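Q: Letter by letter, the chains look like this.
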Amino acid sequence: MSVKFSILIIEDEQHISDFMYNALNAHGYKATQAFSGKDGLALISSICPDITLLDLGLPDMDGLNIITEVRKWSSNPIIVISARTHEHEKVHALDLGADDYITKPFGTSELLARIRASLRHSNRLNSDTALYSRPYECDGLVIDFSRRVVLIDNMEIHLTQIEYKIVSYLAQSSGKVVTHSALMTHVWGPYSDTENNKILRVNMANIRRKMEVNPAEPKYIFTEVGVGYRLKEDTH
Amino acid sequence: MHKLHIHINFKSLFLTFTLMIASTLLAFCLFELVPDNPANIALVYILALILAAQYTDGYLYGILFSMFSVVCVNYFFTYPFFILNFTLTGYPITFLIMFTITIITSTTTSHLKIQAKLLAEREEIVSKAEKEKMRANLLRAISHDLRTPLTSIIGESSSYFELTDTSASEERDDLVHRINDDAHWLLNMVENLLTVTRIQDTETAKVNKTLEVVEEIVSEAILRFKKRQPNAIVKAVIPEAFIMLPMDPLLIEQVIINLLDNAFVHSFSTREITLTITEDVPDFVSFHIRDYGKGIDPSLIESIFDGTGARSSDTPDAHRGMGIGLSICKTIIEAHNGNIFAKNYIDGAEFTFTLPKEQANDNLTS
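As you go down the protein sequences, you meet chains F and D in turn.
Under this note's numbering, residues 1 to 236 are what the first sequence spells out, in order.
Under this note's numbering, residues 1001 to 1366 are what the second sequence spells out, in order.
Hints were generated in silico from the structure; no laboratory data involved.
Everything numeric in this text was worked out from a predicted model, so none of it was measured.
One or more hints might be untrue.
List of simulated lysine-lysine pairs, PhoX-like, C-alpha gap at most 20 Å [to be verified]:
(1) Lys1343/D <-> Lys1330/D
(2) Lys1206/D <-> Lys104/F
(3) Lys210/F <-> Lys198/F
(4) Lys1206/D <-> Lys1131/D
(5) Lys219/F <-> Lys1227/D
(6) Lys1227/D <-> Lys1294/D
(7) Lys1011/D <-> Lys1131/D
(8) Lys198/F <-> Lys1011/D
(9) Lys210/F <-> Lys165/F
(10) Lys232/F <-> Lys219/F
(11) Lys4/F <-> Lys38/F
(12) Lys1131/D <-> Lys1357/D
(13) Lys219/F <-> Lys1226/D
(14) Lys165/F <-> Lys232/F
(15) Lys1226/D <-> Lys232/F
(16) Lys1294/D <-> Lys1235/D
(17) Lys30/F <-> Lys4/F
(18) Lys1227/D <-> Lys232/F
(19) Lys1209/D <-> Lys1330/D
(20) Lys1357/D <-> Lys1330/D
(21) Lys1343/D <-> Lys1206/D
(22) Lys1113/D <-> Lys1209/D
(23) Lys210/F <-> Lys232/F
(24) Lys72/F <-> Lys104/F
(25) Lys1357/D <-> Lys219/F
(26) Lys1235/D <-> Lys198/F
(27) Lys1209/D <-> Lys104/F
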């Protein structure tokens, strides 16, 4: 690529920040570091990074406020860095407009995959919608949005209307987490009872039984406990 | 005790009144049925008096009752009836005896109450001390478990720095690999400790339960376990039916990871580990983690969840003892009103835990 994607890292722990900074620069991104929320906010508005990595546990301000602040004027992806046990915090961050999250501790490959997925989806929004109609493909799974068909190893999988809606929505954000409430709203409408997502869980279980060889060891659809689901990243 | 005398204790007052009425009624019955034996009446009042002294606080109610009974006996049951006559011979003796019984009973019961209180206090102190001891033991065990991998990380990384340029790259890779291993082990340890903090109150062992789909929890647990032990082979068998259970998902995930890890590390076998979910116990769902290794040392099987056993000296990698991991599993499962146990087969070991279904759980809480 001719122009490097810029990434802002807002993280107060020097070691973790340096690790991400080095890894990202080594993989062709242009990373910038901010060690406090205040500096982070200032840098977001001055350099307009293509992507922001935001640690929620900052000493000077609540990371969630940064998301709210940035979302007032920018839709560039924000990936939240959070501890594993804080699932409510993650859901809250996603509801406020964060694109995805990554759980500490994480490896370089995981970090790069998240960044790739978020960049892909933000690019799709910016470019023409033709990209959206290109089929999703990954490990033998093909989802053709224009024909509304799901194929695994060239065998058609028969999904109900609702099931197709769920799978195609996940595919359009492949590699990114999709929260339970986002799925509920997309499939059952804005007035659906997002608190009671049992209907979604049942449909998801049926989808898994149709698409996965062993539902307990899924190849495509992964559960993010307490948060939502993630479809394996599109290999295109 | 003085406060008790000043404050009118309504419970004691009520009890005294009830006893007064009951004993007088009983005395009337006896008076009508067996008029020949007036001793019975006195005995009824004495019995009621003892009860009054025993079950009320302080002396006041007992004395009140003894005066009442003396007057009653005089008024109702001694000739001339329904007239108070304090000139009867031996009357002061009756009164004195009643009064003495009251004082003695009240003193004894007060004494007993004080002693019971002291005993309870002492027990509390002892249990507190025991908890302190347990905490200290746990801290010691954790520190030991944390120090060992940290020591090797420090050792491995410093030998990495001392490597010369001519050293083989496998040697470098090997060192970094071992550092990575140790770090992962430490991480699992810390996550285990963190899960314990999610059980907010260890007294009542309450957990935050949400309805979760069993296969989602199992699949995430296996995924996280595989990240840590890429060489392990796990085979999961789940029922065709859709099962939702109330649980704290992260805690149950941790239990599954601990048991898988235990099966992988301690079986000394490279064969697969199977995770089977069954519904053979009514109102419960059972999770079986089965390995095909050397089995559990029969002498440890009883105490394996106590957090003490697993660090036997014949284990070559003693610092990887799962003592704490298994005891954490037990704490978590018990907080969910479930059961956890281990057993040996001819060709390996099986750890099973059960979780109650929604209805069974409701019964327990309501």
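Q: State the violated hints by number, sorted upward, taking the hints as numbered earlier in the document.
A: 2, 6, 7, 8, 11, 12, 21, 22, 24, 25, 26 and 27
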